[in-house]
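Protein chains in written order, with my numbering: chain A, 299 to 558; chain B, 190 to 507; chain C, 113 to 402.
Careful: at least some of the hints might be erroneous.
What the hints assert, rightly or not - Distance ranges between label pairs, derived from CB positions: (1) A/Asn337 - C/Ala261: 45 to 51 Å; (2) B/Lys348 - C/Pro202: 40 to 46 Å; (3) C/Gln290 - B/Leu200: 33 to 39 Å; (4) B/Gly298 - A/Lys511: 56 to 62 Å.
Treat the hints as calculated values from the structure; they're not laboratory data. Small disclaimer: the values here were computed from a predicted structure and weren't measured. We treat Cβ as the ideally placed atom computed from N, Cα and C, and that holds for glycine.
Residues per chain, in single letters:
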Amino acid sequence: MSALLSVENLGITFGGLRAVHDVSFSVKPGEILSVIGPNGAGKTTLFNMISGVYQPGSGKVVLEGQDVTGMRPDLLAHRGMSRTFQNLQIFQNMTVLENAIAGFHLTESGNLFADLLRLPGSRGRARTAHQGAMRLLERVGLEASAETNAGSLSYGKLKRLEIARALALSPKVLLLDEPAAGCNAVETEEIDQMIAEVAKSGVAILLVEHDMKMVMRISNHIVVLDHGEKIAEGDPATVSRDPAVIAAYLGTEAAEDADA
Amino acid sequence: MRLSHKTATLLVLIPLIVLAPIFFPSNFYYRVGSLIFINGLAVTGMVILIGYAGQISLGHAGFAGIGAYSCALMPVHWGIPPVAAAVLGAVISALLAWLVGRPILRLKGYYLAVATLGFGILVYMVLTNETWLTGGPDGMSVNDSGLRDMAEAVGIDLKNSQFWYWMCAIVLVIGVWLAMNLQDSPTGRALRAVHGSEVAARTVGVDVARYKLQAFVISAVYASVAGSMVALQNEFVTPDVAGYMHSIEWVTMTVLGGAGSVLGAIFGAAILTTLPQVLTAFAEYEQLLLGLIMMLVMIFMRDGLLPSIMRRIRGKDE
Amino acid sequence: MSELLQFLFSGLTVGAVYALVALGFTIIYNASDVVNFAQGEFVMLGGMLTVFAYAAGLPLILAAIVAIIVTAAVGVALNKLAIEPARGAPVVSLIIITIGASIFLRGVAQVLFGKQIHRFPSFSGDTPFRIGGATILPQSLWVIAGGLAVFYALYLFFTKTLTGKAVLATSNNRLAAQLVGINTNWVMTLSFALSAGIGALAGVLVTPITNTSYDVGIALALKGFAAAMLGGMGNPKGALVGGILLGIIEAMTAGYLSSQYKDAAAFVVILLVLFIMPQGLFGAKQTERV
Numbered sequence: 299m300s301a302l303l304s305v306e307n308l309g310i311t312f313g314g315l316r317a318v319h320d321v322s323f324s325v326k327p328g329e330i331l332s333v334i335g336p337n338g339a340g341k342t343t344l345f346n347m348i349s350g351v352y353q354p355g356s357g358k359v360v361l362e363g364q365d366v367t368g369m370r371p372d373l374l375a376h377r378g379m380s381r382t383f384q385n386l387q388i389f390q391n392m393t394v395l396e397n398a399i400a401g402f403h404l405t406e407s408g409n410l411f412a413d414l415l416r417l418p419g420s421r422g423r424a425r426t427a428h429q430g431a432m433r434l435l436e437r438v439g440l441e442a443s444a445e446t447n448a449g450s451l452s453y454g455k456l457k458r459l460e461i462a463r464a465l466a467l468s469p470k471v472l473l474l475d476e477p478a479a480g481c482n483a484v485e486t487e488e489i490d491q492m493i494a495e496v497a498k499s500g501v502a503i504l505l506v507e508h509d510m511k512m513v514m515r516i517s518n519h520i521v522v523l524d525h526g527e528k529i530a531e532g533d534p535a536t537v538s539r540d541p542a543v544i545a546a547y548l549g550t551e552a553a554e555d556a557d558a
Numbered sequence: 190m191r192l193s194h195k196t197a198t199l200l201v202l203i204p205l206i207v208l209a210p211i212f213f214p215s216n217f218y219y220r221v222g223s224l225i226f227i228n229g230l231a232v233t234g235m236v237i238l239i240g241y242a243g244q245i246s247l248g249h250a251g252f253a254g255i256g257a258y259s260c261a262l263m264p265v266h267w268g269i270p271p272v273a274a275a276v277l278g279a280v281i282s283a284l285l286a287w288l289v290g291r292p293i294l295r296l297k298g299y300y301l302a303v304a305t306l307g308f309g310i311l312v313y314m315v316l317t318n319e320t321w322l323t324g325g326p327d328g329m330s331v332n333d334s335g336l337r338d339m340a341e342a343v344g345i346d347l348k349n350s351q352f353w354y355w356m357c358a359i360v361l362v363i364g365v366w367l368a369m370n371l372q373d374s375p376t377g378r379a380l381r382a383v384h385g386s387e388v389a390a391r392t393v394g395v396d397v398a399r400y401k402l403q404a405f406v407i408s409a410v411y412a413s414v415a416g417s418m419v420a421l422q423n424e425f426v427t428p429d430v431a432g433y434m435h436s437i438e439w440v441t442m443t444v445l446g447g448a449g450s451v452l453g454a455i456f457g458a459a460i461l462t463t464l465p466q467v468l469t470a471f472a473e474y475e476q477l478l479l480g481l482i483m484m485l486v487m488i489f490m491r492d493g494l495l496p497s498i499m500r501r502i503r504g505k506d507e
Numbered sequence: 113m114s115e116l117l118q119f120l121f122s123g124l125t126v127g128a129v130y131a132l133v134a135l136g137f138t139i140i141y142n143a144s145d146v147v148n149f150a151q152g153e154f155v156m157l158g159g160m161l162t163v164f165a166y167a168a169g170l171p172l173i174l175a176a177i178v179a180i181i182v183t184a185a186v187g188v189a190l191n192k193l194a195i196e197p198a199r200g201a202p203v204v205s206l207i208i209i210t211i212g213a214s215i216f217l218r219g220v221a222q223v224l225f226g227k228q229i230h231r232f233p234s235f236s237g238d239t240p241f242r243i244g245g246a247t248i249l250p251q252s253l254w255v256i257a258g259g260l261a262v263f264y265a266l267y268l269f270f271t272k273t274l275t276g277k278a279v280l281a282t283s284n285n286r287l288a289a290q291l292v293g294i295n296t297n298w299v300m301t302l303s304f305a306l307s308a309g310i311g312a313l314a315g316v317l318v319t320p321i322t323n324t325s326y327d328v329g330i331a332l333a334l335k336g337f338a339a340a341m342l343g344g345m346g347n348p349k350g351a352l353v354g355g356i357l358l359g360i361i362e363a364m365t366a367g368y369l370s371s372q373y374k375d376a377a378a379f380v381v382i383l384l385v386l387f388i389m390p391q392g393l394f395g396a397k398q399t400e401r402v
């Protein structure tokens, strides 16, 4: 099967510093591709370029055969890209349920006047989104907190809420930036399963994650970044044996993992 | 069953409007009431802009000026009935807001505040300087809207101040109803998403610029209608209707009562509209007091008066 | 040609005032990320207090010093009573607080000094100098010299003194400054005192030319902010250049186009600058972090 999303020679500089340089890879539908690397390796910056939050300095992002480099995030959402954030971007001014409903924006939104006058069309779309959001909250185990203010949720729950919101778009490609950060072992395993399920339904998944056990367990393919450059890629077994990777990354992190 | 925000808001607002006149010792209080409703209407628009979408404007009195002068100018020059002129004024305000808002709303925070303030002052300057058209600083008279005669024809015979109390109340309730519809609608959620996190709003597909612009245009229409109501009621307009102090007062009322809630903002409008009437003996202290209130509320009740008071009450229950 | 020169002179004079207001904005903005909308009231207070201290019998120079010190104290009070307690509040709240402060100070001035227009005599007479067919008032030279002197003094302060460097460090990174032992609250206090004092000085210098009344502050604050934006928010050099540029543009508009719309011209220019180069002439470009 051909690639759903491919990244070609992507790069960006911040004030003379090469944050990401010449990174290429591609991901197919149903595949889980993890981007790993030490802190500051440029993983989040890479995500921000792919999802249109930053304008890449060089290179291309191709989605379903079309060049979408630097396209606005909302237009990428229309094309089937969805993401979560490393440091949460929750709508703190809304309830948990409303956050999830907001994820249905593409299918929910319609005519301003229908909304102002609360016409049946507007109400119908809102009801459908409401039902979809409730199903997603059940799926991530947040249905009991639906009416609470999102601001008062624990970190782990907010992480899951972001995943629910990202899934609401029914994405073709999903970018998850450290979905299991701050979650306990049980929660991590739940998120694990959820990611696997989503991938099974044909969604291409890009994952940045620090939990190496999780990465090794669920990834089909791993790309390793160090100092903004790709130093290795391959399946989990190959990457974990790669000397460059061990030197740059696993050497320190794996030891920490073993201690934990 | 839980009451929706909309029902709860209207259930508080409408009885208050209807029952308040029982306690009015004189017709003057109807006049104050209609002023509260007019400010309440403008402020309801500000809730959509500030409370929902998280944007600020210190220039919305400019749109009130357009609404007011439409009612004054169109009947004289084109023979358009004053009420239709109010509607046309709202359309012009919407178009102008759309034009001005597109570039201005790219700005944030202080920059947006100053840019909108500048816009409002420009409108004020045009109204003051183009004496050949607007009569300049002395203002101009507005043709009788004929609304009261129409009411009389169907058997509603009210004193002028009473008539306008009810007129303004009706317009306010419609404005509140629309704003409350919007709050819990797909558009309202998109606006609040923009407020909550622009970057997250974008990733769920919200065209941030477009929704900011929508909020700006809608709130401009509210301000324009408020300006028209002033003109129709007073049958006279001066450029003061577009003065930047009104813009600042509206933002203050909105945030004073609690920018997130329409009812809170109207509460804020009621307080700031009544205060100068109560303190007429201390007229020269008006600015001093207004400034003091603005600072104190923002320092000690960051969420605004009504939410802070509500929390105090709830806190005691628990 | 002499006409152009005349407009240039008047532009330089008001421009120097705008530059001083913009410098005041810049100092507070750098120390606290707050844009102080009451900045114009400092100018008003500087002029007003001098008027009344002078009328009370103080020599002009002493009256001016008293006015500057009292205004600086007002600035410190503003920081202690209104800005510090509101730390971490959203921008909208801070806008309302400082606008509230501006209206409050204006209200106090109205009660204390009344609504009439006030003035005091020029420092060195009113006989204009003739240069190339145009005239310039001695007081204008005072204003321009004052603007340049303040800029140079600030430059020395920020680059040569330890205190100045502490202020700069705080504006770069508040937390890091605290970690190396800088008392950032004291830096804030100093910034407000300095900013208010500079505003007051502008008021002292310009009042003999423009006169003053309780409500001159808001327009000056807007122009000063516009100048600071034009130059690039947070950059002292930008504040100076932006202020003078704005003054000249305004004078040219008043001279060649329409005196009624000279204030409008300033806004139009500012809006254009904001849209074409939002970071201003000397400002740094910023990237949003997520």
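List, from low to high, the hint numbers that the structure doesn't satisfy.
-> When the structure is compared with the hints, numbers 3, 4 turn out to be violated.
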